[in-house]
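Protein sequence lines correspond, in order, to chains A and B.
Numbering-wise, the first sequence is residues 1 to 115 according to the working numbering.
Numbering-wise, the second sequence is residues 1 to 113 according to the working numbering.
Wrong hints could be hidden among the right ones.
Derived DSBU-like pairs (lysine-lysine); straight-line CA-CA distance at most 35 angstroms [stated by the list, open to error]:
| hint | chain 1 | residue 1 | chain 2 | residue 2 |
| --- | --- | --- | --- | --- |
| 1 | A | K49 | A | K69 |
| 2 | A | K107 | A | K49 |
| 3 | A | K58 | A | K107 |
| 4 | A | K107 | A | K68 |
| 5 | A | K107 | B | K80 |
| 6 | A | K107 | B | K79 |
Please keep in mind that the hints were generated in silico from the structure rather than gathered at the bench.
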Amino acid sequence: AQSVTQLGSHVSVSEGALVLLRCNYSSSVPPYLFWYVQYPNQGLQLLLKYTSAATLVKGINGFEAEFKKSETSFHLTKPSAHMSDAAEYFCAVSGLNSGYSTLTFGKGTMLLVSP
Amino acid sequence: SQTIHQWPATLVQPVGSPLSLECTVEGTSNPNLYWYRQAAGRGLQLLFYSVGIGQISSEVPQNLSASRPQDRQFILSSKKLLLSDSGFYLCAWSGGLASNEQFFGPGTRLTVL
C-alpha cells in the first residue's frame, strides 16, 4: 500500500522568499509521484510529476521537485514566491489497487504568501 | 483536447433527500474515472473508481453509490443524504497507466442541512 505525508498543514512565506513544501511517501514499488495545486473552490491542477526519468522535475509556474529515493521524499520548491502562489498544494503517489492505477493523496499544505 | 465537466457547481439539500451528481469527459475514450470527496483538513478521499462501463469499485463503505452508464459519464448518487455527506466532490479521469496523472473537474460544493 502507498501513503503520503505532507509536513505542515500551513506554510507562510513572504513574497520573493523561497517556497519549500515537504512530502514524504511510502511505496512498496518504485513510485510515480505528483504535485497538484488547488485554488479556492476549484479542482486540482497538475504542477509536475515524477515518472522515473530525471530526479529533478520542473513544472509549471516556476515550481520544481526533486525525487530522493534514500529519503523517500519529493519536496516541492520555488525560488521566489508570488502572491498568486497562495493556494493549497497536494502531493500524491500512484499505486495499483486490485490491478488498477489509483492515486493516494496527502492531506495538503496551505501556502500563505504575505506582501 | 480533453475536458471534464461537473454539475451542478453548488447544491444545498436537506437531510434525507436524494442526490445525483454528474461528471462527463470529452476528448478521450475509455478513461478511468474517479469520484473524490474533500472535507476541510482531510485531503482527498477516494470514493469510487471505474475502469469501464458498469465497472465500479468502492473504496469506502457509505450511503453513496456510483454508476457509469456510458463510457465518458460517471454519476454519484445517494438515496438519503446525511449531514456528514457535505463536502466538495471532485471527479477526475486518467489513462490506464500508473504513470498517468489524473485530470480533475471543477468540483461540486454540496451542503446538507
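Hints and how they fare:
no. : hint              : result
1   : A:K49 with A:K69  : holds (15 angstroms)
2   : A:K107 with A:K49 : holds (18 angstroms)
3   : A:K58 with A:K107 : holds (23 angstroms)
4   : A:K107 with A:K68 : holds (21 angstroms)
5   : A:K107 with B:K80 : holds (28 angstroms)
6   : A:K107 with B:K79 : holds (29 angstroms)
Violated hints: none; the structure is consistent with every hint.
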